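K.L.:
This is what each chain is made of:
2 protein chains.
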Amino acid sequence: MRWCRFVLSLIFGACLASAAASADSRPTAVNLLPLPSSVQFGSGRLAVDTAFQIGASGVVDDRLRHAVARALVRLSRQTGLEVSRSLAADATKARLTIVCDGPGASVPSLDENESYTLEVTGDRATLRAPTVVGALRGLETVLQLTTADRGGWYLPAVTIQDTPRFRWRGLLIDVARHWMPMDVIKRNLDLMAAVKLNVLHLHLTEDQGFRIESKRYPALHEKGSDGNYFTQAEMKELIAYAADCGIRVIPEFDMPGHSTSWLVGHPELGSAPGPYSIERTWGIMEPALDPTREEVYKLLDGFLGEMAALFPDAYLHIGGDENKGTQWMANERIRAFMKQHDIADPNGLQAYFNKRLLTIVQKHGKKMIGWDEVLQPGLPKDIIVQSWRGPKSLGEAAKQGYSGILSNGYYLDLNFPTSQHYLVDPLPDSLGLTAEQAAHVLGGEAAMWSEYVDPGNIDSRLWPRLAAVAERLWSPKTVTDVDDVYRRLALFSPWLEIAGSRHITGQGILVRNLAKGGDIAAVSTLIGVIEPVKEYRRGDLHKSTQFTPLTRVSDTAQPESFEAHRVNRAIDALVADAPRFSLNADNLATTFSRWRDVGPAISAAEAGSRALAEAGTMPEDLAALGTLGLEALAYLRNGTAPAEGWADAALARITTAETPRAECQFAMVSGMRLLVAAADQRAGFDPSDAAGWQAKVKTRAGVK
Amino acid sequence: MRWCRFVLSLIFGACLASAAASADSRPTAVNLLPLPSSVQFGSGRLAVDTAFQIGASGVVDDRLRHAVARALVRLSRQTGLEVSRSLAADATKARLTIVCDGPGASVPSLDENESYTLEVTGDRATLRAPTVVGALRGLETVLQLTTADRGGWYLPAVTIQDTPRFRWRGLLIDVARHWMPMDVIKRNLDLMAAVKLNVLHLHLTEDQGFRIESKRYPALHEKGSDGNYFTQAEMKELIAYAADCGIRVIPEFDMPGHSTSWLVGHPELGSAPGPYSIERTWGIMEPALDPTREEVYKLLDGFLGEMAALFPDAYLHIGGDENKGTQWMANERIRAFMKQHDIADPNGLQAYFNKRLLTIVQKHGKKMIGWDEVLQPGLPKDIIVQSWRGPKSLGEAAKQGYSGILSNGYYLDLNFPTSQHYLVDPLPDSLGLTAEQAAHVLGGEAAMWSEYVDPGNIDSRLWPRLAAVAERLWSPKTVTDVDDVYRRLALFSPWLEIAGSRHITGQGILVRNLAKGGDIAAVSTLIGVIEPVKEYRRGDLHKSTQFTPLTRVSDTAQPESFEAHRVNRAIDALVADAPRFSLNADNLATTFSRWRDVGPAISAAEAGSRALAEAGTMPEDLAALGTLGLEALAYLRNGTAPAEGWADAALARITTAETPRAECQFAMVSGMRLLVAAADQRAGFDPSDAAGWQAKVKTRAGVK
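So the sequence lines, in the order shown, correspond to chains X and R. Using my numbering, the letters of the first sequence map in sequence onto residues 490 to 1193. Using my numbering, the letters of the second sequence map in sequence onto residues 490 to 1193.
What the hints contain is simulated information worked out from the structure, not anything from laboratory work. As the structure is a computational prediction, the values presented were derived from the model and not from experiment. Among the hints, erroneous ones may be present.
Which copy is meant is left open, so a pair is good if it fits within one copy or across any two.
Claimed, not checked - The calculated DMTMM-like cross-link candidates involving lysine to aspartate or glutamate, where the alpha carbons are at most 25 Å apart (straight line), are:
1) K712 x D579
2) K712 x D550
3) K888 x E1103
4) K704 x E723
5) K1023 x E1052
6) K881 x D550
7) K1032 x E571
8) K712 x D733
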């Protein structure tokens, strides 16, 4: 059944291009994110004005009523129009009619049908869905379609058929390393729904914090959380809020490793004597639950029973990753147990632990999900593997008949660009899976681990990049146009803000704080073109803890600089515009002048801002990049050859500027190298071999 | 006792100027808001680095512990330094030691002693206070004093003695007309504490909403609130949160008018038959409780008893304003009652109602506070009058022995500039009060009525202007330097953001939404120099309701444009710089060029943004203002006379531009007029009579 849907998606995907290319007054671009399976624009438009009403002629339940009310508030806020806030009493008078065949499961499940069709003509719009959840997905499409010109707000005439490619489209939020309170989670649930994600995975326990109330074992949260945890009442509220958005909530209790915070209140569960205190630093820690003691399983039975009752989802995540086994091997009694039970190594002991755990999870009516490491021989086929290792690992599991979801490639905390995450496919052709095997790949989850993430910057770490991952998981496999996803991210960034995101505003607050009364615009320009270093390099450059304030330069810089991306792409286009070199030239000159001028302004501002002083020579470097950018532009436009040695010096200057400072790097160096190389090679341009010239420029620049 | 403190303040106030003028490496300006009673800078500085710790050697309670923990988090966030998050175990090793003589009242009261002294030397800092609340006020001063230069973060050596001028320094938030949820109130409590305000007045009931849960009469909130109300548990949480900040919470239940929302669930309380529905429009409505029916007093007794138990403050606000009495006079039975009781008019009937109400309020152990209208003969002297009418009304009450607080002049929802609110003194000399009478003027309350205010824009309506009102109520009467308060508002605006305010970021969200993918910078420039029309004019220009989205142009514009203020002041200085006319000229030219260029860009953006289209010709007008500004600058700098008729045309163009559009106006027109007039009068400049020339310029400009 999943396969059928998948094939359908491919067909719909192929339709997209033709829709986008359609003529006349019809829209020439599909401004939707994620892109639907099929979009066919018609002619005409349906007005959205103060008389706009939404009615329903099929199944109506509270979830639909709430969703319509929320959609109308957002429609009103995004348009500035005062519209009715509730379902029209008389559906025949509504301009948009929703027709649901059924309510959908009250507890959202993996089997939810989320498809919908939307038909807009000049007279009316109809949103049809087999379930209310499908209608919710379609309502987001309606909000995104609402557009304006001098004639007013309207929906373009269109026929959309849409169904998700994958059933599991999630986001993991690590609320443990840094605490994320209710409002952070709630607004991100709204945003997830806006881009059609359907699973919130809460990483609730870690070495650094135990974030859920246990009524049976209150020492767990009382001693393991610094007072920062979800009460069970709050969690019920979150689960209900998520269900109202058609989003599942999966709790993760990471064990046997990553468990220091459990041991603060219950040292007797540990594999070393203790006492334990909440871990404040980052890394893979040694503390682990002791798999050889029956008291451990007794507590887990009680605790997981309590959690199984609290969380209605069919799945319960037991973590299972990155346990080094150091404490186990250091404990004589544990070593004796292993020998006695013929267990060779820590892996074997963890397999034993997982089997015991599985029994408990099943006893409480749940299916187990865990990270790659949990996959051991003899496990039932209804467990799910979450892969931090990659599609290959997932493919192998699928071949054994295990279902899985992909997280590798979607770790948004690693500060990689949208393009990189976007092109990671959970089902690459290279896996060589049969249709049946492929059906075991259920989808994926973006992950937001929180070593460097707190309520003040989490939105900027998630958005808008998460929307691109959401598209990968929802849209047909054929949807892979990187430039177009950047175009749509820019378009929908403000729309996400109206829906509650703070991904843009958070940076402004930190920039103004960094500037400390100095030149805010100048500081903003610098911060706007740098990015934190990638992957796990930040921890190598600067030791930080749970108490390090996340207001430093590297917290202020966005994970991906869209300004640097713009500059890089503008330079690409300029170089491709040989031999005229006029495309974007004025715009780039303005940008380079600004860099040149803000260098000194920021250096002055630094005098009053120690936090900014971390950036070291970055202001001067930015000024130098601006200056050499202007020089390169002049050479290109005037057709004059640079002075002997100019290009070598410029490229060397760029390399100097590339050194990380404040755990950050300039994000437009590849473009700047290309620009310098183009200026250097200007004289050798041969109109009969433009491609050959471009290749030479790239080689000179040292970029691919 | 209050008078003594007041005299002391005057003496301290006089010291300020000398402190500010002190020499050498000592700070030359007092960067504190509100300004303390006395500041004497010394020489030397105390380092603030990762070893910075706060200890306490006097009374320590939970409130102090929490306050220190919060202060350390903010210190850490504002500096980027990782510092210990809790009170030092060993006070002798702390760099800042807090010495409190007593804990302060657990329920903050009007009699709280909030004074403190802070002494910083090169070795250590000591914060002394008679109560923990005083220490809280001092901690905010410490955070504001923390500054940096290339040598690092530090506190300058200083001796500060500080005590508030008024005991009642409040903010009224109308949570009824637009609902304000918990997080809005909590973050604004933090911000109030940051500027030493001490009373949160919650306007809980209105025609448009009943915002507090009543367990005895649940129909009140269930039918009167659209589901948006504080549960009693939430209100307890807010009260505790406020108490932790040394802030009182005063509940207001407005009656007998402003009470439509009560009548939705209890129509029998009304003076007309009903049924009633929640009011959605703005204005003074007719519905009023029926003062002639015993059931009304029975319900009020029950309800106010419940509220008296919920709210620990000694005072309970009964509103009492703006009841037209129309429903009363239209009701035959009520007219008969009046005749029978010898009551001449609605005022008399309201006096009767208030007397009955007073008995109920007193029965539940509370003192009554109400708006001007409640003051009627025969009331006990312990009631408090809140004046929306003005200092004169307050002075008259004081002469009768009634205590009062001033709100007239502090209505922040009217969009007046900081300077106007700042100079309103609750105790102007003109009142001619004796010391004893003056002591009855307890302070004041800023008011944030919420017809045009919701969670998305309330911060920008409150801040930073509220900080200036806070200074008026805290600092010595002699502190009245308008330029200096603007300087300090600019300095502390980012600081307020780090403490949680969204007064700057909220605008960005709305600007980006208005721009709808168009030129965001251009839209931002336009919005940055306009302000909503003042006072109640907005309602005349555009009919709005509770459902009107507050995302329109007039919601996006800030109540006061600090950019326009900057331009106006820069023009003042330029004109005063005659005959050189060079001061600020370059800067103004840059600004005017931007205006000239963004005009067309915005007009283009409007094509895709109906909401922005409301602004009509404003983009062209801004371009025209930019162009004529550049022309005027050229005339002034070149010393050439404008062409015949140029000035008349320019002034006429400014007048055209001044027409309100989208309920907004350009806020720099007075400066532009002055600039044009100066250019016009350039030739007539007489070095021997610069003052005379300036006066002529002002006359020509038509500005004072």
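K.L.:
Next step is simple, just say for each hint if it's right about the structure.
P.N.:
Each hint, compared with the structure:
no.	hint	result
1	K712 x D579	between (56 Å within a copy, 23 Å between copies)
2	K712 x D550	between (42 Å within a copy, 21 Å between copies)
3	K888 x E1103	neither (50 Å within a copy, 61 Å between copies)
4	K704 x E723	both (14 Å within a copy, 22 Å between copies)
5	K1023 x E1052	within (18 Å within a copy, 38 Å between copies)
6	K881 x D550	neither (42 Å within a copy, 58 Å between copies)
7	K1032 x E571	between (52 Å within a copy, 11 Å between copies)
8	K712 x D733	between (33 Å within a copy, 23 Å between copies)
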